[in-house]
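Given the structure of chain G, go ahead and fit chain A onto it with the hints provided.
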Amino acid sequence: MFTCMTNSPDETGHLAELVGQKIREGTVLCLEGDLGAGKTLFVQSLARTLGVEGEVTSPTFNLMNVYEGICRIYHFDLYRLETEEELDDIGFYEYTEEPEGIVVIEWPDKFPESLPDDYIRVCITRTGETEDSRRFEFTSVGEKNQEFIKELESFVHSGH
Amino acid sequence: MEKNQEEILTLAIESSCDETSAAVLRGGREVLANIISTQIPVHQKFGGVVPEIASRKHIVNIMPVIDECIRTAGVSLKDIDQVAVTYGPGLVGALLVGVSAAKSLAFSLGVPLIGVNHLEGHIFANFLSTPKLEPPFMALVVSGGHTALVDVRGYNHFKMMGQTRDDAAGEAFDKIARVMGLPYPGGPRIDALAKEGNPLAIDFPQALTEKGNFEFSFSGLKSAVLNYINSEKMKGHELNKPDIAASFQHSVIEVLVGKAFQAVKEAGRDTLVLAGGVAANSGLESRLREEAAKRGVNFSYPSKILCTGQCRHDRLPRLLSGSGRPLQRPVSQCSAGAWS
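The listed protein sequences derive, respectively, from chains G and A.
Throughout the first sequence, residue numbering follows the working numbering, covering 1048 to 1207 in sequence.
Throughout the second sequence, residue numbering follows the working numbering, covering 3 to 342 in sequence.
What the hints contain is simulated information worked out from the structure, not anything from laboratory work.
Please note: incorrect hints may appear among the correct ones.
Stated by the list, open to error - Derived contacts from chain G toward chain A, CB cut-off under 10 Å, selection only:
no., residue
1, Leu1065
2, Lys1069
3, Gly1085
4, Gln1091
5, Ser1105
6, Asp1136
7, Gly1148
8, Ile1171
9, Gly1189
Because the structure is a prediction, the values reported are computed rather than measured.
Even glycine gets a Cβ: it sits at the ideal position worked out from N, Cα and C.
The following block holds chain G by itself, in its conformation from the complex (with noise of 0.2 Å):
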């Protein structure tokens, strides 16, 4: 586990364009955070750092987003979801069992039972200390992505 603070929108984007260089395909990314924390803005910035070049937008209306970048991006917005027989509905098992590309999903809280085994969670709090800031704590969850973690941390600590 690592934390980083970020006091801006611009240094939120710059933290996920780190993480968007050092993802590696078959990732599950769940960005958790209040409405308003930074939750797209971070996906966006990480989907351009993987090449996507059309519009990066708000999954909550249509579910999911796919992106093509470097590698598929899918995108989950469970804020609309409302039960667990939902997320069969729309085919997310599908996406995380065995996850071609990288899938990122916002609000995974809601549904914490149905995640897949191995993801690796990104926590956004508000600090308070100004609008703008926030602080990233990013977890491994599961065996698979430990190494990355660490990886990630030295990464993101020497280039931020």
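Below, chain A alone, put in the same frame as chain G:
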């Protein structure tokens, strides 16, 4: 024998998000029947309640909805001259159900299949409420999933002037409403509260307002409202919900109105059309109407039943001029259509 254009019967199918629906139209502008899955008791046949958000549930719904639609229209399948279907944007799995059903029907009936972009569907709802409407015109599409300015150059020729970079306007309405503790759907609640509040009480930001920029961004506004609400709570102040609603709505509306009329001017159009679920917002509609009158621009917007509840995809399937385009590509590649 060629049928008269005005007699052509179209079966239109939509399954891009929450609901499965089908309609039969005569001559493109007269709705003979419009059936939405939630209107018919499919679950009685299949047992259990059918949840709304359901790509797989579309499979359960699609045939009963089409059957019911044909029956209500008082026609039979063999009378259908063409089949239209929403091909995107939307949930791929959900879209596939409607597209597959439409393809099979068109194939077995030996009639043309027409792919309709979801945004076109929103826009074309205006042809039903304003029968004299003809392209070219400028369309402002504002819904839970989309915010876009589309130059409609012909029935089958569209130019995207700009769309949202982050959140759709309707989504911002719903999320702000939730934080303010208003029940779903939030949009109409904010609209109602806003009438009691002062739109200039709080100075919320308006994004990307520079001239010639037709893109939208509502994420910053959403954050600004959330920050305001949080800081008021921290100070122990009671929230003035009407003022927050009015000021938030004011920011959204001013951006939409400003850009819409700039786009009208830039494209040299004399008509502005409002479309999408947020078209039901009375504040937006009245500001557009007022501004249109001032500028001598014609203004059309769909009746509320055609744009329906906030943050719900338009429920009225759609059709159009009779001149369509073939739909042979797989759904996932069908995003461009005749858009430029």
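Hints, one by one, checked against the model:
Hint status for leucine 1065/G: violated, given a least beta-carbon distance of 21 Å to chain A, over 10 Å. Look at lysine 1069/G: its Cβ only gets to about 25 Å from chain A, farther than 10 Å, so that hint breaks. Interface hint status for glycine 1085/G: upheld, as the beta-carbon distance to the closest one in chain A is roughly 8 Å, under 10 Å. Contact between glutamine 1091/G and chain A, as hinted, is supported at the beta carbon level, the nearest pair being about 7 Å apart and thus within 10 Å.
With a cut of 10 Å, the hint placing serine 1105/G at the interface with chain A holds, because the nearest CB-to-CB distance is about 5 Å. About 4 Å separates the beta-carbon of aspartate 1136/G from the nearest beta-carbon of chain A, less than 10 Å, and the hint is met. The interface hint given for glycine 1148/G is violated, since its Cβ lies 14 Å from the closest Cβ of chain A, which is over the 10 Å cut-off. Interface restraint check for isoleucine 1171/G: the shortest CB-CB distance to chain A comes to about 12 Å, outside 10 Å, so the restraint is violated.
The restraint placing glycine 1189/G at the interface with chain A is violated, with a minimum CB-CB distance near 27 Å, outside the 10 Å limit.
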